[in-house]
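Engineer: Listed below, chain by chain, are the residues.
2 protein chains.
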Amino acid sequence: MTKLKNDRFLRALRREAVDRTPVWIMRQAGRYLPEYREIRKQAGSFMNLCTNPELACEVTMQPLRRFDLDAAILFSDILTIPDAMGLGLYFSEGEGPKFKRTVRSASDVAALPRPDPGDSLAYVVNAVSRIHRELDNTIPLIGFSGSPWTLATYMVEGGPSKSYSKVKGLMYEQPSTAHALLSKLADSVTDYLNAQIEAGAQAVQIFDSWGGILSHDKYIPFSLDYMQRIVSGLNAGPDGEQVPVILFSKGCNGHLEAMADSGCQALGIDWTLSLNEARSRVGERVAIQGNLDPAVLQASPDVIRRQVQAALESFGRGHGHVFNLGHGITPDVKPEHLGALVEAVAELSPAFHDRA
Amino acid sequence: MTKLKNDRFLRALRREAVDRTPVWIMRQAGRYLPEYREIRKQAGSFMNLCTNPELACEVTMQPLRRFDLDAAILFSDILTIPDAMGLGLYFSEGEGPKFKRTVRSASDVAALPRPDPGDSLAYVVNAVSRIHRELDNTIPLIGFSGSPWTLATYMVEGGPSKSYSKVKGLMYEQPSTAHALLSKLADSVTDYLNAQIEAGAQAVQIFDSWGGILSHDKYIPFSLDYMQRIVSGLNAGPDGEQVPVILFSKGCNGHLEAMADSGCQALGIDWTLSLNEARSRVGERVAIQGNLDPAVLQASPDVIRRQVQAALESFGRGHGHVFNLGHGITPDVKPEHLGALVEAVAELSPAFHDRA
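Order-wise, the sequence lines are chains A and B. The numbering used here puts the first residue of the first sequence at 1, with every later residue one more than the last. The numbering used here puts the first residue of the second sequence at 1, with every later residue one more than the last.
Bound conformation, chain A alone:
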C-alpha cells in the first residue's frame, strides 16, 4: 500500500487531528457539471453510464479536476442490487427510477437471488478498481450502497412513492415477510460493499434515503438494525485497517444516539439539525458529516462563504467533522458556486484545527 497523498478525509472519519476540515459533496459528479451532461448524452441513458466502468470512472474524476475535494465517490446508482436481483431497473424521464417487477409477497422474497458481486455487479466492482487506479493514491475513494430499508421501498412500491403505502402496508400486515426481504438485502449489501472494499474503496457510505418515513418505533427494527448488521459484516481493507462507514439516514435526527451506537464511524446529517447539537448528542462516539442546505448554493459567493463560516462555528474547534451538504447538490447549481464553497472551507477551516 502506497500512502495517500491526502488522507484528511479518513483521518477526520477516525476523529484524528487534521490541518483543515475535509470536504466532499454528495452528487459531486452530477448534472450541475456541463462536462457530466456531455458524457451522459454520449452514453445515451443513465444506466449505460453506470454500467460502463470507463465512463463511470470519467464522471467520477470530473469534479476533482475543478475543485480541491478531499474524497472521490464512486459514480453509480443506489438501486444496482435490486436490478442484479432481476427486478429490471429503468429510468423514465421525470419520474425517477422504476422496476419492471415488484416484490410483495413471501414467495416473491423467497425467489430473489443473493447477487454475486463478481458476476451481476461486476460492472460496479470494475468501476471501483479503475477509479482507484486512476486516483493514484491522491485522495481516498468512497464506495456506497442504498440501505436495506431504502432498497426495499423501491422494490415493493416499484418506484418512488409519495405515501409508501405498499411497503409500509407490508411491514404492518406481514412483518415477517418484510424482515425476510430486509435480511436478504442486508446480506447482499454486505457482499457488495466487501467487493467494493476489495476493489479499492477506502470508506463506504450507506444511504438510508427513506429511513425518515418510518415511525418512531419502526426505524430501529426495520432500518437501523439491518445497517448495523452490514457494518459488523464488513471486511478490513487491503492494509488490514478497518474501512470507515458513514451512515446517512435522511430525516432521522430523532435516532442520532442509536445510530451513533451502530458501530459506524460517522453519521451524515441534514440541515435540520445544527452541527453543534449533533456533536453534543453523539459525543466522542462518531464523526459528523454535513450539513449545509444545498439551497445555499443558489445564493451568491459571499452568502455561501458566510454560511460555511457559520457551519464551521457551529461544529466548533477540534476534529471529527467532514464538511458536506446535507443532501445531494441539485442540477441547477452553478459550478462556480460549489467552487466558492470548497475554497471557503479550505480558507476558513484551519482556524478550527490545532494543526493549522
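Keep in mind that the hints are not guaranteed to be accurate.
You can't tell identical chains apart in this list, so a pair holds if it fits in one copy or across any two.
Said to hold, decoys possible - With a Cα cut of at most 25 Å, we get these calculated SDA-like pairs of lysine to any residue:
| hint | residue 1 | residue 2 |
| --- | --- | --- |
| 1 | K100 | D332 |
| 2 | K162 | A122 |
| 3 | K166 | A340 |
| 4 | K334 | G158 |
| 5 | K162 | G212 |
| 6 | K3 | D116 |
| 7 | K166 | A310 |
| 8 | K100 | A122 |
| 9 | K5 | D239 |
| 10 | K98 | L348 |
| 11 | K41 | R130 |
| 12 | K41 | M26 |
| 13 | K166 | H319 |
| 14 | K3 | R65 |
| 15 | K3 | K41 |
| 16 | K250 | L69 |
| 17 | K98 | E343 |
| 18 | K98 | L4 |
| 19 | K3 | E198 |
| 20 | K166 | E343 |
| 21 | K98 | E16 |
| 22 | K41 | E343 |
| 23 | K250 | D217 |
For the record, the hints were derived by calculation from the structure and aren't laboratory data. Just so we're clear, the structure is a prediction, and the values are computed from it rather than from any experiment.
Please arrange chain B on chain A, whose structure you already have, making use of the hints.
Structural biologist: This is chain B only, laid out in the frame that chain A set:
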C-alpha cells in the same frame, strides 16, 4: 350560542377532562370515499368543488355520515390565499397545484394585494357558514389555512418542488424580500382565519406542510415567527371565547418546544415522534394531536386496533390528546379501515380518562 352536543374535541384542545379521546382525521373528506369521488366528478374540477359552497358543504358532511367523528373540517385548499392574490391557481393532473404567475422579486411582492376575505375569498367564508348551519351544533367545525412559509414556497416555486431551490435561494440571497412576502401573507392569513371564525369555525388549524425543509436556524425566523403573529391576531369566537389554534408543522419535531411557546393551544405531530416524548417535551403548555402513520390503514382491522391501543398507551392517561393520523389519509385506504380506527378509539380510549 346553543351549546355543542359533543364538545370533546374543544375540551381536549383546552386540556380539560373528557370521557374519551376525541378523533378526527386529516383529509377525512377526500378521495378514499366513493361518494366524494362522485361529487368531485360532478364538479368537473377540484377548484370547482372548492369554490362552490354547496358542494364544499356536502363533501365536508360525507365522512360524518359514515364515522362517529368528533370534529368536521372545512373542505377547501391551502392555496386559496395566493389564488385570491391573483396568482392563478390551477391543478394539472398528477402534478399537483400550480400557479400561472410566480413571486420572485421585491416588486412582485409589493404588487401583491391583501385579499379581502369578504370579496375574493367569499366562497370559503360562505362554505364555512353553510357547514356550520348544517352541523347544527352537533360537533365543532375546524377552519384552516396554509402557513405563510408554506404558501410562499408554492408562490415562489410556482408549484410543488423537490429541492425548493427558488424559495430558499430567495431566503438566502434576499432575506428582506422573503420577509416582506411572509409578512404580507401573515396579515392575509390572519384576516382569512378571522373571517372563518366569524362565519362559525370553532377551532383553526395552520398547516405548515413545508416548515420541515427549513434549516435549524431558519425555521423560527421564516416560519414559526409568522405563525405566532397570526395566533396573536386572531379574534375570539362569537361566544367571546378564544378559538383554539392547532399548529401542524410537518417534520419540525426538533422545534417542538418553541412551537409550544407560540401561543397556540395544540400541536399536530407526525409519526416520527412518539406521543409520549411529545407530551413530555411540551408539558402542560399545549395539547397534542396525532399521530398514527397513515399507512397503518393499509393493514387489517386487527392490526389497526393494536396500533390505536399502542398510540393511546404512548400518550398515557389524562387529557390533552386529540387522536388523528400524522398526515392526511391517502386515497388508497378502504373506508371500512378508517371505520375500524374510529371505533377502536371510541372503545379503547375511555380507559385512559377519569370521566370514563
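Engineer: If a hint holds in the structure, say so; if it doesn't, say that too.
Structural biologist: Quick rundown of the hints versus the structure:
no. : hint           : verdict
1   : K100 with D332 : between (30 Å within a copy, 22 Å between copies)
2   : K162 with A122 : neither (33 Å within a copy, 33 Å between copies)
3   : K166 with A340 : between (43 Å within a copy, 19 Å between copies)
4   : K334 with G158 : between (33 Å within a copy, 21 Å between copies)
5   : K162 with G212 : both (13 Å within a copy, 16 Å between copies)
6   : K3 with D116   : neither (31 Å within a copy, 70 Å between copies)
7   : K166 with A310 : between (41 Å within a copy, 22 Å between copies)
8   : K100 with A122 : within (22 Å within a copy, 49 Å between copies)
9   : K5 with D239   : within (16 Å within a copy, 75 Å between copies)
10  : K98 with L348  : neither (42 Å within a copy, 42 Å between copies)
11  : K41 with R130  : within (22 Å within a copy, 58 Å between copies)
12  : K41 with M26   : within (22 Å within a copy, 45 Å between copies)
13  : K166 with H319 : neither (42 Å within a copy, 34 Å between copies)
14  : K3 with R65    : within (21 Å within a copy, 73 Å between copies)
15  : K3 with K41    : neither (37 Å within a copy, 69 Å between copies)
16  : K250 with L69  : within (23 Å within a copy, 35 Å between copies)
17  : K98 with E343  : neither (38 Å within a copy, 38 Å between copies)
18  : K98 with L4    : neither (39 Å within a copy, 51 Å between copies)
19  : K3 with E198   : within (17 Å within a copy, 74 Å between copies)
20  : K166 with E343 : between (45 Å within a copy, 24 Å between copies)
21  : K98 with E16   : neither (42 Å within a copy, 50 Å between copies)
22  : K41 with E343  : neither (30 Å within a copy, 57 Å between copies)
23  : K250 with D217 : both (16 Å within a copy, 18 Å between copies)
Hints 2, 6, 10, 13, 15, 17, 18, 21 and 22 from the earlier list are contradicted by this structure; the remaining hints agree with it.
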